[in-house]
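A.B. asks: Could you put the whole structure together from the sequences, leaning on the hints where they help?
Protein chains: 4
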Amino acid sequence: MIIVMETGATPKQVNDVVSRIKTLGLDAHLSEGEERTIVGVVGAPIPPTLDDEFESHGGVQQVVRITKKYKLTGWDFHPQKTVIRVRDVEIGGDEVTVIAGPCSVESEDQTVSTARAVKAAGATILRGGAHKPRTSPYEFRGLGRRGLEILATAREETGMPIITEVMTPADIDQVGQFTDIFQIGARNAQNYLLLEEVGKAGKPVMIKRGLSMMIEEWLLAAEYVMAQGNPDVILCERGVRTFEPLTRNTLDVSAVPVVRGMSHLPIFVDPSHAAGKRALVGSLALAGVAAGADGLMIEVHPNPDQALSDGAQSLTFDQFAELTPRIAAVAGAVGRSLCATGSLLGV
Amino acid sequence: MIIVMETGATPKQVNDVVSRIKTLGLDAHLSEGEERTIVGVVGAPIPPTLDDEFESHGGVQQVVRITKKYKLTGWDFHPQKTVIRVRDVEIGGDEVTVIAGPCSVESEDQTVSTARAVKAAGATILRGGAHKPRTSPYEFRGLGRRGLEILATAREETGMPIITEVMTPADIDQVGQFTDIFQIGARNAQNYLLLEEVGKAGKPVMIKRGLSMMIEEWLLAAEYVMAQGNPDVILCERGVRTFEPLTRNTLDVSAVPVVRGMSHLPIFVDPSHAAGKRALVGSLALAGVAAGADGLMIEVHPNPDQALSDGAQSLTFDQFAELTPRIAAVAGAVGRSLCATGSLLGV
Amino acid sequence: MIIVMETGATPKQVNDVVSRIKTLGLDAHLSEGEERTIVGVVGAPIPPTLDDEFESHGGVQQVVRITKKYKLTGWDFHPQKTVIRVRDVEIGGDEVTVIAGPCSVESEDQTVSTARAVKAAGATILRGGAHKPRTSPYEFRGLGRRGLEILATAREETGMPIITEVMTPADIDQVGQFTDIFQIGARNAQNYLLLEEVGKAGKPVMIKRGLSMMIEEWLLAAEYVMAQGNPDVILCERGVRTFEPLTRNTLDVSAVPVVRGMSHLPIFVDPSHAAGKRALVGSLALAGVAAGADGLMIEVHPNPDQALSDGAQSLTFDQFAELTPRIAAVAGAVGRSLCATGSLLGV
Amino acid sequence: MIIVMETGATPKQVNDVVSRIKTLGLDAHLSEGEERTIVGVVGAPIPPTLDDEFESHGGVQQVVRITKKYKLTGWDFHPQKTVIRVRDVEIGGDEVTVIAGPCSVESEDQTVSTARAVKAAGATILRGGAHKPRTSPYEFRGLGRRGLEILATAREETGMPIITEVMTPADIDQVGQFTDIFQIGARNAQNYLLLEEVGKAGKPVMIKRGLSMMIEEWLLAAEYVMAQGNPDVILCERGVRTFEPLTRNTLDVSAVPVVRGMSHLPIFVDPSHAAGKRALVGSLALAGVAAGADGLMIEVHPNPDQALSDGAQSLTFDQFAELTPRIAAVAGAVGRSLCATGSLLGV
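Residue numbers (UniProt numbering), protein chains in the order written: chain Y, 1 to 347; chain X, 1 to 347; chain C, 1 to 347; chain L, 1 to 347.
Everything hinted at is true.
The list treats identical chains as interchangeable, and a pair is accepted whether it falls inside one copy or across any two copies.
Listed below are the simulated DSS-like cross-link pairs for lysine-lysine, each with C-alpha atoms no more than 30 Å apart in a straight line:
#1 Lys68 to Lys277
#2 Lys277 to Lys12
#3 Lys200 to Lys69
#4 Lys277 to Lys69
#5 Lys81 to Lys200
#6 Lys22 to Lys69
#7 Lys277 to Lys81
#8 Lys71 to Lys277
#9 Lys12 to Lys71
#10 Lys81 to Lys12
#11 Lys81 to Lys68
#12 Lys200 to Lys71
#13 Lys277 to Lys22
#14 Lys203 to Lys68
These are computed hints drawn from the structure, not numbers from a lab. Fair warning: this is a prediction, and the values are worked out from it, not measured in the lab.
C.D. replies: Below is the structure:
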């Protein structure tokens with residue numbers, strides 16, 4: 001940490017800063033220039049709130065934290081890219097993974113038929129919501145346990161691993177009995193107790209980016225999970241909130257290379273929630289893969305016009321089947337391939 | 001709900017829309033103009049996702065929802081302003097209520113001395129965090145139950161009711177044994193299961209606005225609590241996230257009159273979290289009261305430079321004592337008074 | 001336009017609305033439901049501010065404008081995609097066009113060498129700033145006329161058409177003597193008099209998106225140019241301003257398919273200004289092409305570390321030469337090709 | 001400037017940074033710690049783009065600029081608050097100044113009657129648009145020279161100085177013949193050539209904050225004017241663009257104390273453009289004054305429902321007359337008074 005004193009800081013103010021540093025068992029290194037004094041803080045650990053504290057100290061102009069707040073999620077202590085294996089599917093490796101399925105699990109027929117369709121088109125993981133967060137208390141909130149059972153049936157029928165959202169610590173056990181991957185939704189991305197509890201559950205966790213979450217905060221959310229000893233975290237960009245009304249959210253595609261530069265964790269893109277409109281999903285999916293995403297999460301429904309949630313952004317089976325070869329082509333263009341079980345390539 | 005068809009919509013597309021409306025047990029009213037057809041949906045209840053569904057229908061240009069999504073929080077079914085009584089303190093009445101106290105409860109001495117100081121200066125409710133949400137897992141997270149006990153002691157010593165945050169459903173019982181008002185933090189403002197559970201706990205609930213929460217979503221969060229039969233909800237604006245780096249958040253002071261126009265619930269302003277810097281807290285507090293806020297929530301600490309959290313934005317005792325008469329003056333200027341127990345006015 | 005009256009609107013309030021509509025020479029169509037009255041406005045032209053006016057009328061709940069504010073830029077009156085020919089280069093056709101060059105023209109040597117390098121690597125249009133908008137009055141503002149002469153020399157040497165920014169109406173003549181395409185910068189995207197004047201200058205115009213410009217406003221900026229009889233407008237997404245500090249701006253890649261759905265105009269992506277950091281430029285360029293952009297605008301400099309502006313986001317010659325084959329590959333994957341003069345393909 | 005090298009930076013990378021600093025005629029001061037090296041740049045002037053340059057240098061982790069980019073607008077070189085005298089009105093002194101008038105000058109009758117009404121209610125400066133920036137080319141754009149003449153007539157009739165917008169350098173002479181204060185609109189706040197030209201015109205200039213302008217950029221816009229030798233600049237906060245749809249813009253009331261802390265220039269608040277809705281204007285005006293604004297700019301129209309622009313946010317004469325005593329009361333509560341010519345106080 002570097003503390004830049006104001007031009008007019010008094011010797012007493014500088015001394016107060018130095019004393020406070022020493023109180024904490026750290027050392028201070030002074031660099032006295034003609035115009036101002038700069039104090040370097042030497043030693044560790046530096047309390048996480050020390051920059052806040054010094055910023056309001058008398059005579060201090062600016063405080064610069066040099067060390068990163070995140071540790072386990074960064075490259076410094078984990079120089080290999082994280083590759084997660086879920087049943088037969090590898091996430092974060094050379095291949096691009098496509099997760100697809102309905103927003104909500106509505107019935108066994110709807111879910112199993114979607115699973116079959118998306119698998120045939122090249123998806124390798126099935127998504128589906130059993131516990132649904134809804135902005136209004138009067139909307140459909142998912143089938144709960146029955147939804148989880150249906151997802152398990154779809155897994156049996158197709159062999160696809162499943163991912164589903166968990167919304168509260170009390171549901172972790174129940175959801176964990178069924179799911180292969182826990183999903184933390186955007187609105188819970190800074191629900192720290194949920195992150196810690198799910199970190200203890202022994203299964204991979206996907207963390208959607210919060211609607212106005214800075215990327216560093218997102219890595220710190222992942223840090224909450226990893227600090228419980230769970231190394232298998234996936235990040236999923238799903239659009240942030242901006243002033244533009246023509247899309248439900250604004251897909252921050254830059255998050256893909258930015259996260260790659262900061263972290264070894266796999267980074268996915270969810271074009272469906274970002275767009276909020278079916279017609280945009282394909283373009284955003286391709287953009288995500290071109291930017292280097294390790295995977296996509298796409299909503300597909302047998303009859304989107306009658307979906308109980310998010311129908312406007314769900315693709316039909318045909319639309320999804322038309323999209324996956326284009327995803328494969330773009331993946332190929334950036335030196336990757338589509339993770340597929342064979343059916344896509346006609347094997 | 002009004003469905004505006006595109007200029008070139010085919011009769012079949014119009015019929016499909018009408019059929020779908022009738023399937024739902026609703027009625028359709030057609031208005032066929034020279035350029036386009038407009039379909040009115042008559043009847044109730046209209047499924048909450050129907051606008052989404054129709055927006056992606058063939059031939060539809062635009063869908064306009066006329067009825068509001070929130071009910072219990074709006075003026076339509078509750079034409080009187082909500083006034084909440086917590087022990088001797090009235091919230092949402094003619095007086096402006098000041099809640100003050102430390103960000104985190106750190107010790108009995110720190111908390112009790114703060115309680116005495118803020119009471120003497122005009123605050124009537126004590127705040128203090130026992131369970132703290134922190135961006136990083138490596139920061140101080142509060143004293144937990146011990147913190148709650150300390151708050152209770154401070155209440156005994158001063159007679160001030162207390163408010164403290166609850167972060168997860170499992171903590172509601174414990175926190176409820178001590179607190180007078182539950183606080184839901186900004187990061188949990190769309191943690192719907194927490195909102196529902198706290199709605200059942202039989203005590204007033206303050207909901208901080210989420211960092212990028214639209215005001216309508218905030219009212220729907222309040223709706224989650226009220227739908228459990230709990231009428232005592234307080235809203236608290238504490239700044240939203242924007243591009244401006246010189247403040248921690250951007251205080252949306254317009255939220256005060258906007259909420260007032262939409263809802264009967266008391267609306268507070270938290271200048272401390274909005275500003276993030278002590279030097280701005282006073283101005284934002286006065287702005288909030290001038291805009292019509294029913295109350296303020298201000299962080300005060302005996303020694304802010306050594307606070308375990310949010311020191312940079314906490315006022316000293318002296319700064320707070322210097323601020324409250326100015327708050328009282330502005331309250332007077334807008335036809336209200338500062339809710340005070342006497343000491344302020346020298347009675 | 002549809003005017004939704006409040007549930008409790010009085011007959012007088014409805015009549016006032018109807019009278020006002022008739023005063024304007026328009027007709028009103030009433031639809032009186034059980035709960036509320038809805039007024040349709042029939043006829044044209046509807047004054048552009050009428051929705052604002054009615055929104056503050058007594059008894060009005062909501063006003064819905066049905067007709068689009070933009071005309072010339074939309075598909076309705078121009079069902080073919082706009083293709084612009086600048087010397088030998090086609091913009092908006094099947095091929096993806098790459099514009100490249102330095103942020104600022106600094107010297108003949110710097111500009112000509114960059115032109116040769118980017119042409120060899122596959123770019124077909126040269127960019128370079130002679131008049132530079134700078135946040136601070138103390139920064140380098142371009143060589144002015146001398147810069148334009150240098151660009152013209154580079155065009156002679158390489159045959160590449162050139163694009164350069166014009167910042168004020170008084171400079172249009174001078175800039176127009178040299179440039180093939182006028183560029184309107186992001187900070188001038190709502191400088192309406194500049195847009196109109198440049199619309200009269202008889203050359204294609206590229207409009208960068210403003211930092212917080214809604215897409216509809218951007219189309220209206222293009223409308224200002226087109227209303228002068230100039231059909232050759234190119235839109236260029238270059239990132240919008242959000243809360244995320246790790247990128248200079250947030251590239252709104254969704255703007256590509258959204259603009260495509262609304263307008264026949266070519267849409268480009270500028271990954272350099274969006275990212276602000278060299279390491280991100282490649283990924284964003286590929287994302288833009290995958291999303292369907294008609295072209296890219298990329299900053300390249302012989303020695304970025306010593307550039308007089310925007311060095312941090314400029315690619316070296318080698319980095320650009322390494323990137324263009326990847327752009328060509330992604331273009332191929334989405335059914336397009338890189339617009340090239342031969343050198344790239346070894347012809 | 002401080003350059004923090006990465007932990008793994010090589011001696012060559014450190015040397016390259018030092019060499020580059022020396023090439024610029026500056027000096028480098030090395031502080032080699034156990035973990036990393038920190039390079040201080042000593043001397044002046046530091047090129048404004050040097051931080052960008054070093055941020056992309058090999059081995060550099062972070063660059064910290066210590067000196068501020070703005071000079072003339074800051075307190076360092078101008079420790080007294082700027083007070084501007086326009087005819088009989090003092091701006092930036094102890095009194096709060098209210099500017100009021102119609103959005104657009106529509107007719108002599110409309111403007112003169114408004115001037116009389118707002119003067120009677122306590123305003124001391126008249127606003128009115130003769131050249132109007134409009135999002136769409138098809139909207140009313142003001143009466144131009146005729147509008148300026150009408151404003152001058154209103155000044156003669158009432159004695160109030162006038163403020164009106166200038167949109168392009170070519171209009172400065174014409175507008176300057178009439179106006180007392182030039183207004184630069186939000187969309188032109190980074191139109192640097194306009195700022196420079198208006199800076200030469202020898203009259204006070206009010207700069208509205210751009211829709212997504214950081215406060216530091218705003219001060220730099222003022223710096224453009226002041227660098228021409230014009231010390232009389234007024235800043236006016238009018239709302240920034242956020243995700244919240246219920247207000248036209250989000251009034252950043254914090255800008256008032258933040259600007260006060262950074263600059264000696266007067267800071268105003270425009271509640272009308274921020275709110276976009278008449279019903280909110282009063283609350284925001286009071287909030288601005290409570291936060292410490294030196295003045296307000298409020299739209300008033302004899303018949304807002306039929307205004308040619310911004311009718312929805314304009315107050316009627318009665319509404320304005322009802323508001324000014326409340327403004328005076330809040331001004332009094334924060335130790336100021338309403339700048340009034342006597343009529344308000346019945347003198």
